[in-house]
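Enquirer: Okay, here's what each chain looks like letter by letter:
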Amino acid sequence: MRPIDRPAVRIIAALLAPVAVLIWWQAQSAAGGARALAFVPLQDVGASLVEMAASGLLAADTLATVSRAVTGLLFGSMAGILVGAAMAMSPIVDRIVGPLYHSVRQVPLLGWLPLIGLWLGNGDGAKLLIVGLAAFYPTVLGSYEGLRQVERRYLEVGVLLGFTPLQHFTKVLLPGGLPLILTGIAQAIAFAWIATIGTEILLGAGAGLGATMSHAQAQQRMDVILVAIVATGLLGFTLNHLFARLRQHLLRWQAAIA
Amino acid sequence: MNVSTRVEAAGEARSGPGALTISGLSRTFRIDGRELPVLQGIDLSVRPGEFVSIVGPSGCGKSTLLRLIAGLDTDFSGEIRLDGKRITGTGLERGLVFQDHRLFPWMTLEENVGLALLNGTLDQARRKAVVEDHLALVNLTGFEKAYPHQLSGGMAQRAAIARALVTEPTLLLLDEPLGALDALTRVHVQRELQRIWMQQGSTMIMVTHDVEEAVYLGDRVVIMDARPGRIRRIVDVDLPHPRKRSLPQLHRLRDQILDELTRTPEGPSENLVPFPSREAR
Numbered sequence: 020m021r022p023i024d025r026p027a028v029r030i031i032a033a034l035l036a037p038v039a040v041l042i043w044w045q046a047q048s049a050a051g052g053a054r055a056l057a058f059v060p061l062q063d064v065g066a067s068l069v070e071m072a073a074s075g076l077l078a079a080d081t082l083a084t085v086s087r088a089v090t091g092l093l094f095g096s097m098a099g100i101l102v103g104a105a106m107a108m109s110p111i112v113d114r115i116v117g118p119l120y121h122s123v124r125q126v127p128l129l130g131w132l133p134l135i136g137l138w139l140g141n142g143d144g145a146k147l148l149i150v151g152l153a154a155f156y157p158t159v160l161g162s163y164e165g166l167r168q169v170e171r172r173y174l175e176v177g178v179l180l181g182f183t184p185l186q187h188f189t190k191v192l193l194p195g196g197l198p199l200i201l202t203g204i205a206q207a208i209a210f211a212w213i214a215t216i217g218t219e220i221l222l223g224a225g226a227g228l229g230a231t232m233s234h235a236q237a238q239q240r241m242d243v244i245l246v247a248i249v250a251t252g253l254l255g256f257t258l259n260h261l262f263a264r265l266r267q268h269l270l271r272w273q274a275a276i277a
Numbered sequence: 071m072n073v074s075t076r077v078e079a080a081g082e083a084r085s086g087p088g089a090l091t092i093s094g095l096s097r098t099f100r101i102d103g104r105e106l107p108v109l110q111g112i113d114l115s116v117r118p119g120e121f122v123s124i125v126g127p128s129g130c131g132k133s134t135l136l137r138l139i140a141g142l143d144t145d146f147s148g149e150i151r152l153d154g155k156r157i158t159g160t161g162l163e164r165g166l167v168f169q170d171h172r173l174f175p176w177m178t179l180e181e182n183v184g185l186a187l188l189n190g191t192l193d194q195a196r197r198k199a200v201v202e203d204h205l206a207l208v209n210l211t212g213f214e215k216a217y218p219h220q221l222s223g224g225m226a227q228r229a230a231i232a233r234a235l236v237t238e239p240t241l242l243l244l245d246e247p248l249g250a251l252d253a254l255t256r257v258h259v260q261r262e263l264q265r266i267w268m269q270q271g272s273t274m275i276m277v278t279h280d281v282e283e284a285v286y287l288g289d290r291v292v293i294m295d296a297r298p299g300r301i302r303r304i305v306d307v308d309l310p311h312p313r314k315r316s317l318p319q320l321h322r323l324r325d326q327i328l329d330e331l332t333r334t335p336e337g338p339s340e341n342l343v344p345f346p347s348r349e350a351r
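Chains as they are written, first to last, in this note's numbering: chain A, 20 to 277; chain B, 71 to 351.
So that you can see chain A by itself, here it is in the shape it has in the complex (with noise of 0.2 Å):
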């Protein structure tokens, strides 16, 4: 094992680059004058950070956070691979639903918002759309990828095996377009955690780390912020951990990654 390669030598090279900009910050917040107003003392970030937690109100904000982005992801994604399922084993979906799909992915998601939020109003309906389509985008196209390309040759086993149409798509189809799924879901965590803070500033109301960085933002509390985007950041980190150790499992038959 190479020194970089060792646990403890990771992490603390992990935590180089944040120190550095800590300290740059604490600098830059003890210059005083207008500098004072933009970087907030640290000492001020870590008491508002005490206080939020014994408010209860940094909890609150991160169950909201997440089980709107959790729920989002699920629906999103579980339509999302259906449907780019549906279009990958069908040249009659595809035909319809393909140039669809295509165009409307083009529309940034936010662009849906004002007619959504007309729609549904800026209450959880309206952020759990939008975070679900953030989702469905990326799995459409990675299920539909996925499923195409998995060879002919090992459909014609389930062919001579005497498979029936669902056992081609649990032992054949599935699993073997399974890498090309799980980058697509992959790329609908991180498009949904952005979808998720990104409503939750945006249409305000609510619980939820966005929702209180929004308010901060009108109260002019940098402290809060601050406290809210680093939540965000170590949330959002967890979750694709956690993330690439599922699929690691998932995908332990392959020899790259075992």
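All clues stand as given, with none of them false.
According to the in silico footprint, chain B covers these stretches of chain A (three or more CB under 8 Å from chain B):
{"no.": "1", "segment": "170-177"}
{"no.": "2", "segment": "180-190"}
{"no.": "3", "segment": "193-201"}
{"no.": "4", "segment": "265-274"}
Which chain B residues stay away from chain A? Per the calculated CB distances, all over 10 Å, these:
{"no.": "5", "residue": "Gly103"}
{"no.": "6", "residue": "Ser128"}
{"no.": "7", "residue": "Gly129"}
{"no.": "8", "residue": "Gly223"}
{"no.": "9", "residue": "Gly224"}
{"no.": "10", "residue": "Glu238"}
{"no.": "11", "residue": "Glu282"}
{"no.": "12", "residue": "Leu320"}
{"no.": "13", "residue": "Glu330"}
Hints listed in this document are in silico derivations from the structure and should not be mistaken for laboratory results.
The structure presented is a predicted model; accordingly, all values stated were derived computationally and were not measured.
All C-beta atoms, glycine included, are put in the ideal place defined by N, C-alpha and C.
Following the hints, position chain B against chain A.
Expert: For chain B alone, coordinates are given in the frame of chain A:
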């Protein structure tokens, strides 16, 4: 599992299932609107429990013939019957082993081998036992939980043979099953295959490029011609099993067949491209 060793002479009739009759079989491919006969007028009878090798130049349709017997390709004229039943599609009484092992990379060995049993009548415990038996038959006990990428080429091909045999098919079709293996592994798996065939007692038809392999394993060797694919001659290998690779009769037969395959009636082979000579420059 039936573990009777057969030392009877080849050609001796054996009763039981696994009799294949092919009559007037032709298959035409359509390429760019042109009809291309791949197989023409194939007649062949295979006795129950017989091992038949098929050799021939590339493009003689020998792999197509196996696909037709397997039922993967049903667009042919003529007739194929297994134990009197006309073949119209795939069936578990016929197994097929491909040159590329085609194990599903996302499944362990035992899952792969058990695939053909999924729609059978066996319960889960019985299925597991049958899979174990067949992994033992191909000497892969202990590798139940391994994924295909963890196996060597020879092991994967043996697992593919186990997957094809697990339903105890009366007819096993082998499409150049050892073609992708290195020379030493190939010799080893050939010996295994001979043992498995003697143990199983099912009819086997193997397509191969390797004439030595064809005579070593086959009770008969079918020699095919290309364009259109047809049977040129059938050679009896009248030697008891198990055979020793070093038998002089085998070598004589191999040389004879090789000679026949490389010789063409109208002088030098049309497949040979004239070597550019120095004088031409």
